[in-house]
Amino acid sequence: MTDITPNNSHNIPSGTVPDFIPPHRTEKQIKQRLKKRYRKERIFKAVGLGGLISGLLALTVMVTSILTTGLSGFTESRLTIDVYMDPEIIGSLEGYSTEDRIDHLRQVNHRALIRNSLRIKFPEVKSRRDIFALQKLVSSGSRDEVRQKLMKSDDVIGTTIPMDLLASSTVDMYLKGQISRDVDQSERKISDKQLAWLDIMASEGRIIKGFNWKFLSSGDSREPELAGIWGAAMGSFLTLLVTLAIAFPIGVSSALYLEEFAPRNKWTDLIEININNLAAVPSIIFGLLGLAIFLNVFNMPRSAPLVGGMTLALMTLPTIIISARAAIRAVPPSIRDAAIGMGASKIQTQFHHVLPLSMPGIMTGTIIGMAQALGETAPLLMIGMVAFIVDVPEGVMDAATALPVQIFLWADSPERGFMEKTSAAIIVLLIFLVLMNSLAIWMRHKFEKRW
Amino acid sequence: MNSILLIFVLIVIATTSFIVGRRRALHSVGGIIKDLHSLPNHYGWFSALAGFLPGLIIILIWIMFGGTLVDNITLAALGEEIRNLSDFDRTLYMNDIRNLAVQDAISRPVTETLKSAAQYYSRTQENIFWIFALSAIGISTVSAFFGIKKVSPELRSRNLLERLILYFLVVCSAIAILTTVGIVSSLIVVTLRFLEHVPLTDFLFGLKWSPQTALRPDQVGSSGSFGSIPLFAGTLLITLIALFIALPVGLLSAIYMTEFAKPKARAFFKPLLELLAGIPTVVYGFFAALVVAPAIRSSGEAIGLEIASESALAAGLVMGIMIIPLISSLSDDVISAVPQSLRDASYGLGATKTETILNIIIPSALPGIVSAFLLAASRAIGETMIVVMAAGMAANLTANPLEAVTTVTVQILALLTGDQEFDSAKTLSAFALGLALFAITLFLNFIALKIVRKYQEQYD
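Residue numbers (the working numbering), protein chains in the order written: chain A, 1 to 451; chain B, 1001 to 1460.
To be clear, the hints were calculated from the coordinates, so they are not data collected in a lab.
Hints are supplied without guarantee of correctness; some may be wrong.
[Stated by the list, open to error] Here are some chain A residues pointing at chain B (derived, C-beta under 7 Å):
#, residue
1, F44
2, G51
3, L52
4, A112
5, A202
6, L258
7, A279
8, A280
9, I285
10, L289
11, I347
12, L381
13, W442
Remember, predicted model here, so these are calculated numbers, not experimental data.
Idealized CB from N, CA, C, for every residue including glycine.
Isolated chain A (complex conformation) (with noise of 0.2 Å):
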């Protein structure tokens, strides 16, 4: 408590000091003064209220944007499409055994037979470019779709079977409403013709909407309609592993050993005050630290989720460290007092009352860590994780991305098509975050121990 004495008057600045109200004021005049100061009152609490409000605001403002663009990008178009599996274009299947008749199907020119089926649909189609932009309309990756039900069974060779072809990217926006048909020809990526014929198609039902399945289950593409979130994924899951596996067994470590062992002298000064630096240094420079260490000194492989784990796990340390020593702190001494009145030694007291019994503060200060290191992009940048990569890593040594660096490689790409499967892959990122966040929270109540 500090005592208002008139030497220690500097609590509160000379101008600052009530004005006294003379007595000669009069009732009437006191009112008005009130009056006007309720008004600042009530002012005041109104501009306190909206710059409240304008922080949600700003939330809500986000959230519903990247929402409304991006749940569209868990939806795929595809159009119902007659395939005459052309005898001729397969070519004869005679004296070949059955492996090499299904290397023989692999190899088909699956694209001459979605568009002479095409051409079948749509006969009056005659020139070069109107074939062209026929063909257009589904996805290049729907040859695949073709090459798989005629490896599948060679039984189709000579008939027509219907099937739903995935639509490309273009045809996809135009079918979701973010390609106008009002704007002229040529503001627009597909063409009055190409609209004709979707809109023929259209008429005998045969486009078909339904869920994206690919986006959650495939790696990186060019084209958009193809572009999937899996890999990435598989590679933050890989990186987090690292970075767990890493930084949890250290952070807890320092943390027993500065809580419950160090001797309060310079050094553990000094370590102390370097976790609470660290916790404040920018991540970019932690990158820096990656590539100049990790990778240029001791020549670890690039764009891998190891050298990124390790790079995030230095930079997840201090979160870990400072959350641990929290939860250790919060045991009571008695606990301990228990223990070694038991006849347990300093490490048996701590590794078998302290730790477990701090475990769920450990674990919650953990897991916001980890949610904090899903999030971050520019370190893993810096390492290489940033290449455009298809498959979908198996290892900590392959090469791989992360769920906010194809956020980032997306929301980059020129493709319009990318900018709902951008919004679409920072949903998915969104509900990973919130669920380690809710788990947290849920272990934090569960767990919580009041001594």
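Given chain A's structure and the hints, the job is docking chain B onto it.
The following block gives chain B in isolation, referenced to the frame of chain A:
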């Protein structure tokens, strides 16, 4: 992944050693545990670690230095002309040999020499690995044997084990120091190499930033210019815009939540505002590029203003939103820390809530608020993704928030992503910028801490 298999073998040795050591301890006292110095498991762990640690050290040596060793042996076997290549070309050549050895794509046509070199490389790698593996297994077995042999009722295995654990804890807490040392030393070493190319005064006071160096020395603009003033000016501009947004909003929300809001409303609003802190910065960057920048641009057009599509205003605005929760939660803490007795005294003198806040609470929480402000500034200066996605790449020296500017972090990222040769002034300059950034943020944090320590009143 032979090393993982090797570690597995070591674990098997250690497990066997654990079982045998524990048995031996029990056997030596005829099953009467109280005659042992330590618990039977302690003897088991002692034996297990005796078997595991020496092998682990050898594996770590292989992982850290094995690659360099194999490289050097291969280099020594290669002809004179390869050894006499410049450092950079030699590294490239070695990369190609390595990639060819694992059947990856390489940057030059595959010749017979290269093929045989790759074969030699894989052979050497295999041989050296086996030397390491066999010695690791051998030494582990021998040391496990001796460890088990030492087990006797008098062996103070618990004390040995506990000392080992303590050493491990000390090493772990030294890692924080090592990280700082690693950051500082790597930044300084590379910056010194950069200063061999560009004088310090040019870097600190130069007004022009164009790090693109020409490929051939005789081309125009071959030297590039590395004046960092435009970058720092851009950073400062964006940071100021961000603070201009975040300080009033953050502070006012903190005041409202601590002083006016009912506990229930506070419990609802506070986590909601803190949600903003949990959103990854790449999301803010996308929001800035997708929504805010076009909105600013079109509203500028509506009143006849020419606004760059990557304006400092858009980046600053969104960065301001990002640091609102930082300022509000830090100010919330210091405002809540002002003791209730000061408020009560003020009310007792007839002051309204507003007068109390403006005249009593804000002045006494001021050091904490200033420190929150500095921490937010340090955060904004080091922020990367928002400015990468929403601010431009052009190093304009301007104070006009409607123009495109670039920042230190944007340049660091731009200089270091993609292909790079590690010796050009262009790449090295990124580390000089990094060092400056590190120093500035550290300085701001230090000052923020000092202000709180020095000026904050201690009420308890």
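Evaluation of the provided hints:
1. Proximity of F44 (chain A) to chain B holds as hinted, the smallest CB-CB distance being about 4 Å (cut-off 7 Å).
2. With a least beta-carbon distance of about 3 Å to chain B, the hint placing G51 (chain A) at the interface is held under the 7 Å criterion.
3. Residue-level restraint check for L52 (chain A) holds (minimum Cβ-Cβ distance to chain B is 4 Å; threshold 7 Å).
4. Taking 7 Å as the C-beta contact cut-off toward chain B, the hint placing A112 (chain A) at the interface is violated, the least distance being around 30 Å.
5. With its C-beta approaching chain B no nearer than about 30 Å, A202 (chain A) sits outside the 7 Å limit, and its interface hint is violated.
6. Because the smallest distance between the Cβ of L258 (chain A) and any Cβ of chain B comes to about 6 Å, under 7 Å, the interface hint for this residue holds.
7. Here the hint on A279 (chain A) is broken, as its CB sits about 9 Å from the closest CB of chain B, past 7 Å.
8. At about 5 Å, the closest approach between the beta carbon of A280 (chain A) and any beta carbon in chain B falls short of 7 Å, and the interface hint on this residue holds.
9. At a threshold of 7 Å, the smallest CB-CB gap from I285 (chain A) to chain B is about 5 Å, leaving the interface hint in force.
10. For L289 (chain A), the interface hint holds, since its Cβ comes within 7 Å of a Cβ in chain B; the closest pair sits about 5 Å apart.
11. Here the hint on I347 (chain A) is kept, as its CB sits about 4 Å from the closest CB of chain B, short of 7 Å.
12. Below 7 Å, beta-carbon pairs count as interface contacts, and L381 (chain A) has one with chain B at about 6 Å; its hint therefore holds.
13. Hint on W442 (chain A) is violated. Least Cβ distance to chain B is approximately 13 Å, over the 7 Å limit.
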